[in-house]
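Given only the sequences and the hints, what does the whole structure look like? Please build it.
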Amino acid sequence: MTLRPLPAATAVVIGLTVLAGCGSTAGGPRMTETREIEHVTAVELATSGDLTVEHGARPSLTVTAGERDLPRLTSEVEDGVLRLGTERSLGWRGPGPVSYHLVVTELEAVELTGSGDVTVDRADGESLAVSLAGSGAVRVGEVDVQGTAVSIAGSGDVVLDGRTAELQVSIEGSGAYEGAGLTSRDAAVSVAGSGGVDVEVTRTLDVSIEGSGSVTHGGEAQVRSDIQGSGSVRVR
Numbered sequence: 001m002t003l004r005p006l007p008a009a010t011a012v013v014i015g016l017t018v019l020a021g022c023g024s025t026a027g028g029p030r031m032t033e034t035r036e037i038e039h040v041t042a043v044e045l046a047t048s049g050d051l052t053v054e055h056g057a058r059p060s061l062t063v064t065a066g067e068r069d070l071p072r073l074t075s076e077v078e079d080g081v082l083r084l085g086t087e088r089s090l091g092w093r094g095p096g097p098v099s100y101h102l103v104v105t106e107l108e109a110v111e112l113t114g115s116g117d118v119t120v121d122r123a124d125g126e127s128l129a130v131s132l133a134g135s136g137a138v139r140v141g142e143v144d145v146q147g148t149a150v151s152i153a154g155s156g157d158v159v160l161d162g163r164t165a166e167l168q169v170s171i172e173g174s175g176a177y178e179g180a181g182l183t184s185r186d187a188a189v190s191v192a193g194s195g196g197v198d199v200e201v202t203r204t205l206d207v208s209i210e211g212s213g214s215v216t217h218g219g220e221a222q223v224r225s226d227i228q229g230s231g232s233v234r235v236r
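For reference, each letter of the sequence shown is one residue, going 1 to 236 in this note's numbering.
The set of hints was computed from the structure by calculation and includes no laboratory data. Careful: at least some of the hints might be erroneous.
[Said to hold, decoys possible] Derived Cβ-Cβ restraints for the label pairs, each shown as a range:
no., residue 1, residue 2, range
1, Glu38, Val235, 42 to 52 angstroms
2, Val223, Gly56, 38 to 48 angstroms
3, Gly80, Ser212, 34 to 44 angstroms
Glycine is no exception: its CB is placed at the ideal position from the N, C-alpha and C atoms.
In structure tokens, the structure reads:
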């Protein structure tokens, strides 16, 4: 299970309203904008900043940043995917502190390609896909899905809590998956590099390690492992 490819975004932001201003950054006084969005089931954070995702009755997005940075922060929706990014601007060194608050009715995928942090209140439904490329962090609480896929490239962290029937974890680099709080029935874990994985599995656990990575597991799972290098598999 993988994240759906994100197509080139073409949707535009509508209904911008400045709500409040507090503090000041290099981008000017901090302001909060409300942006109207359509129904989305996936989100990509492709810039720095903190993104909080909550479930609610109607989709909505608020963005808090310096007032000169706000026009350069993009929020585009296509095929159910909300992409949060920045415009290319000559002489602009990027935004200062940015905070996003997103309300969704359902969520199937989270992708972080910047250096930000993403926090999601819960995930329920058929599946959840989490992809992280970089040094940021993704945290999802109250997971209750059939299948979960986690992909980490770099030094980022992913933390999940809840339960899932099937779990796939792939790490390339020095990233970490902290899943002691997510109980799965069957899991497949692949680590290439020095990354670390912590899982709770009740039935079967397949592990593949190339390098010095480590896998720690709890539960009563039957473990099958293929290790090339100095990697290790141990019981918590």
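Structure-based check of all given hints:
1. Between Glu38 and Val235 the Cβ separation comes to about 47 angstroms, which falls inside the hinted range of 42 to 52 angstroms.
2. Against the hinted window of 38 to 48 angstroms, the Cβ-Cβ separation of Val223 and Gly56 comes to about 41 angstroms, which satisfies the hint.
3. One distance hint, 34 to 44 angstroms for the beta-carbon pair Gly80 and Ser212, holds here, with the actual separation near 39 angstroms.
Violated hints for the displayed structure: none, as all numbered hints are satisfied.
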